[in-house]
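**Q** Residue strings, one per chain:
Protein chains: 2
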Amino acid sequence: MAFKSDIEIAREANKKPIQAIGDVLGIPSEHLLPYGHDKAKVSQSFIDSVQGRPDGKLILVTAINPTPAGEGKTTTTVGLGDGLNKIGKKAVICIREASLGPNFGMKGGAAGGGKAQVVPMEEMNLHFTGDFHAITSAHSLLSAMIDNHIYWGNALDIDQRRVVWRRVVDMNDRSLRQITSSLGGVANGFPREDGFDITVASEVMAILCLAKNLKDLEKRLGDMIVAYRRDKTPVFCRDIKAEGAMTVLLKDAMQPNLVQTLENNPAFVHGGPFANIAHGCNSVIATTTALKLADYVVTEAGFGADLGAEKFMDIKCRKAGLKPAAVVIVATVRAMKMNGGVAKADLGAENVDAVKAGCANLGRHIENMKKFGVPAVVGINHFFTDTDAEVQAIKDYCAGLGVDAILNTHWAEGGAGITETAKKVVELCEAGSADYRPLYGDELSLAEKIETVCKEIYRADSVTMDGSVRAQLKAWEEQGYGKLPVCMAKTQYSFTTDPNRRGAPTGFSIPVREVRLSAGAGFVVVVCGEIMTMPGLPRVPAAETIRLNEDGLIEGLF
Amino acid sequence: MAFKSDIEIAREANKKPIQAIGDVLGIPSEHLLPYGHDKAKVSQSFIDSVQGRPDGKLILVTAINPTPAGEGKTTTTVGLGDGLNKIGKKAVICIREASLGPNFGMKGGAAGGGKAQVVPMEEMNLHFTGDFHAITSAHSLLSAMIDNHIYWGNALDIDQRRVVWRRVVDMNDRSLRQITSSLGGVANGFPREDGFDITVASEVMAILCLAKNLKDLEKRLGDMIVAYRRDKTPVFCRDIKAEGAMTVLLKDAMQPNLVQTLENNPAFVHGGPFANIAHGCNSVIATTTALKLADYVVTEAGFGADLGAEKFMDIKCRKAGLKPAAVVIVATVRAMKMNGGVAKADLGAENVDAVKAGCANLGRHIENMKKFGVPAVVGINHFFTDTDAEVQAIKDYCAGLGVDAILNTHWAEGGAGITETAKKVVELCEAGSADYRPLYGDELSLAEKIETVCKEIYRADSVTMDGSVRAQLKAWEEQGYGKLPVCMAKTQYSFTTDPNRRGAPTGFSIPVREVRLSAGAGFVVVVCGEIMTMPGLPRVPAAETIRLNEDGLIEGLF
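Chains A and B, in that order, are what the protein sequence lines are. All letters in the first sequence, in the order written, are residues 2 to 559 by the numbering used here. All letters in the second sequence, in the order written, are residues 2 to 559 by the numbering used here.
Fair warning: there could be bad hints in the mix.
Just so you know, same-sequence chains aren't split out, so a pair can sit in one copy or run between any two.
[Unchecked claim] Listed next, the in silico EDC-like pairs over lysine to aspartate or glutamate satisfying Cα-Cα at most 20 Å (straight line):
#1 Lys233 to Glu551
#2 Lys252 to Glu551
#3 Lys484 to Asp397
#4 Lys17 to Glu31
#5 Lys220 to Glu556
#6 Lys213 to Glu551
#7 Lys5 to Glu449
#8 Lys484 to Asp443
#9 Lys213 to Glu368
#10 Lys252 to Glu194
#11 Lys213 to Asp39
#12 Lys320 to Glu515
#13 Lys357 to Asp436
#14 Lys475 to Asp387
Hints are computed from structural coordinates only; laboratory data are not their basis.
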């Protein structure tokens, strides 16, 4: 079979002028700030003006543990938005922005795929509306101001060995992971160890995505811990007096970006925090704005449901006061087979038994969603090699758990291929059976919160932490950070910390290696394994073949 | 007297929608890509479509050597554009973009001042349309690809000690001037010395401002020298295969930005290379596009005429095939007094003798402009403390040199305050007396070119260079770079290399400390004194008081 590539389909899109998309949502032109003819930001004053309206229904799209076979979570998110519009509902999609740097290592990602995409795809993978550049600038300003403070006398008594505010750049650059800065003599400051992360790993990114408004953004930026003194007391961003200027730099970046699907339905694409050391969801301001403008808002969270949905529920919804009405869990026949033990090379052959075995992974995610009090439906993302018997095996398995599993063909057919799921989602939303609750209460200790997630969601037998980790958690509780939720940083490929253990493993322990406090974002990061915050480029980076062709089109990016 | 500040005046502007400004220039809406409602980029296909048209007249605004008293070169540029429109001519202004980083050190600069400004002022001092962010990204990509090449085996045999491609960030960050990178073990590469410059010092910036189109941009990027081997042979950007991806990152940044003056006249604000290690002019593509769309194009060059106008003539015009029709040399009574030996504190008192003495500085610039074959007029930028006798002294002095000097009040009155100069400029242009020629021919040796500028423009008795500098110039000539123009990096405050020697000094020598090859931009940088390519923040950075106020307005930036 010859398929068109995502970029070929995207380039054939009949895009409407962005104001026409704004018109659908009732956004007047003076409040829709265009970036070219197909992207726009929504003004803060318009957002302020709709606060009195009732909220639409919030639908989370999540997935089984990802496998190399792919699941199509974003594709389903986009398709479901189109499908809801197709059945006559007013629906908006909310997804994350892509990071620029990684596209020059491996080929870039689409926003969705096939006939379920958000456009303009190329801009969204490059500078888009400049949000990430603004985050890099704000982060870099604080970096410069910290060293400048030390240079001019260090009145705050910062211990140069304990500056925890690393630098960022939106590029895969391993050579900046660890550096010595301020070399070259008196005029350049006091030499110290430092390093760069990629921009999406910045706490500024997490904050931008959790802040309710610019006031809240400024407050949270001020709350960030940037360094410690020799007596280990924290030095805050507000001690450096950087949060006001950072807010000015982030003023436009805080406004949600409006684009459209291939079917000309509205999509907010805004924010993109890491899904490991941060919560991996699009911005709160985009989601809450969308809820005021549409009856149904479809959003997604990073990684599989054990990480993404858990953080969506326990961090984003808890903090933003959101109450999701339904969850769609994306699964594929191929991924079920891999979870059932089939190697990637053998995915082409029918194997109903492997599908059945792999369903244990899906089943655990279904159970987990019930713990948040939100009804779920399984969306099977169709692939052309799937057999009827394999699809039926998933449906039967889900029926046994009292959950519908519906085959979707939005990749090939757009919104028309996912109307059955759309109708089911509407049914779940309108039945009012959702009774959202976070997994754990604020009042639990930080260690208890970690144990709750590990046991209830991952099904670990136990959690191991060094005494130093427990002491650190205790110290933060004493400093008033005990009420924060935890943000788990763990492999996305397994319920365990071993990426090779697929399916529904039991009999394992979760080792906590390290904990970090994101005091501005408002969570404690729990690192359970190697976490890379600055990727490197491969031996032959995609950049080597990216270029403009004779027609001015970008080649090599996708 | 109580004056309104520039920002107060800018905020009161009756801005027209940017499409209305585009309409004046005949740019259809599909070719004018908006960034908000008051900024836009002009599409490449529109630019291509107007290439067959005749060119308008190009007018350069330059100045005496700057003093702490200020001259108002940009203010005059903007005012003259408004003045030309006021007398019924179709005129466009072309100026440079501001760098974001420095605004967080000292308070930011307006684009012009008083009633002669370009708006939106705040956006132009922050992210604007993202051009500088794109330059930072493209530069950073090449940086990452160089170290990545070394990491994966160094097939090009790069000498790690001779990587000349430094990194950049658009922030005043002295602690990054000199670093050691790739620390932390095998996974992070081979440790080496490195450092960051501010983005405007990037050769990518100079190239973006000299490239005729995207094809030329890509070729020039490929020509850049990024490192040397142990045998001192150069490694080019194209050896790293980065120029295609860099061009993709710079695709939108290459398109000129259209904004407007307070009087709703069109202004292109595009590009902003350093005026010391680079040529300090707005982009060639903006200037050449403006010449196709208007009868008169008013532009400026960085620093005083000894540096700015010389580089405009010898680098920008030579390379882009531009033929300026007239020059306006900006002077002020106060600056004449300082050139005449008066201290800044004493500028308030009338001092006709000091004005007369200081005119020697102006006179030398007038003479210099004649060497380029372009007729000049002196624009006296009025300040409220100026006395009639002082103004008359300048007029009389200029009359003695056969040049008109006209008092302009555009700062207080906008275009209406500069119509006499506008008429004079039209007269000079229409008389057709301009016969532009660069100061020196391509065929002179690099050392001869340096000597020509130093003797003809600065009036130095001699030039001193170490044998190593002469040997380097010779080596470049042998490698085929002998035909390049030279780009002088010298203090802007004096014809000499001593910033305190104002007026028209004689009896001095110019010492060349160092030479650098910008092989992509296409010039040899001649460093005559300390050149800072990464500024630091002051003890109390402006950033500490920059914030959004309760009305959402930016405070502290201006």
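**Q** Run every hint past the structure and note whether it holds.
**A** Outcome of the hint check:
In the homo-oligomer, the alpha carbons of Lys233 and Glu551 never lie at most 20 Å apart, since the shortest distance is 59 Å inside one protomer and 35 Å across protomers. When the C-alpha separation of Lys252 and Glu551 is checked against a cutoff of 20 Å, the pair qualifies only between copies, where the shortest distance is 13 Å, while the shortest distance within a copy is 38 Å. Proximity of Lys484 to Asp397 under the C-alpha cut-off of 20 Å is found in neither arrangement, the shortest distances being 42 Å within a copy and 78 Å between copies. Taking CA atoms no more than 20 Å apart as the test, Lys17 paired with Glu31 passes in both settings, with 18 Å inside one copy and 13 Å between copies.
In this homomeric assembly, Lys220 and Glu556 come within 20 Å of each other (Cα to Cα) only across copies, at 17 Å, whereas the closest approach inside a single copy is 43 Å. Taking identical chains as interchangeable, the C-alpha atoms of Lys213 and Glu551 lie at most 20 Å apart only when they sit on different chains, with a minimum of 16 Å there against 45 Å within one chain. Proximity of Lys5 to Glu449 under the C-alpha cut-off of 20 Å is found in neither arrangement, the shortest distances being 50 Å within a copy and 60 Å between copies. Within a single copy, Lys484 and Asp443 get their C-alpha atoms as close as 5 Å, which meets the 20 Å cut-off; across copies the closest is 71 Å, which misses it.
Within a single copy, Lys213 and Glu368 get their C-alpha atoms no closer than 31 Å, and across copies no closer than 62 Å, so neither meets the 20 Å cut-off. In the homo-oligomer, the alpha carbons of Lys252 and Glu194 never lie at most 20 Å apart, since the shortest distance is 31 Å inside one protomer and 36 Å across protomers. For the homomeric pair Lys213 and Asp39, neither the shortest alpha-carbon distance inside one copy (26 Å) nor that between copies (27 Å) is at most 20 Å. In this homomeric assembly, Lys320 and Glu515 never come within 20 Å of each other (Cα to Cα): the closest approach is 24 Å inside a single copy and 58 Å across copies.
Taking the shortest alpha-carbon separations for Lys357 and Asp436, neither the intra-copy value of 30 Å nor the inter-copy value of 85 Å comes in at or below 20 Å. Taking CA atoms no more than 20 Å apart as the test, Lys475 paired with Asp387 passes in neither setting, with 51 Å inside one copy and 70 Å between copies.
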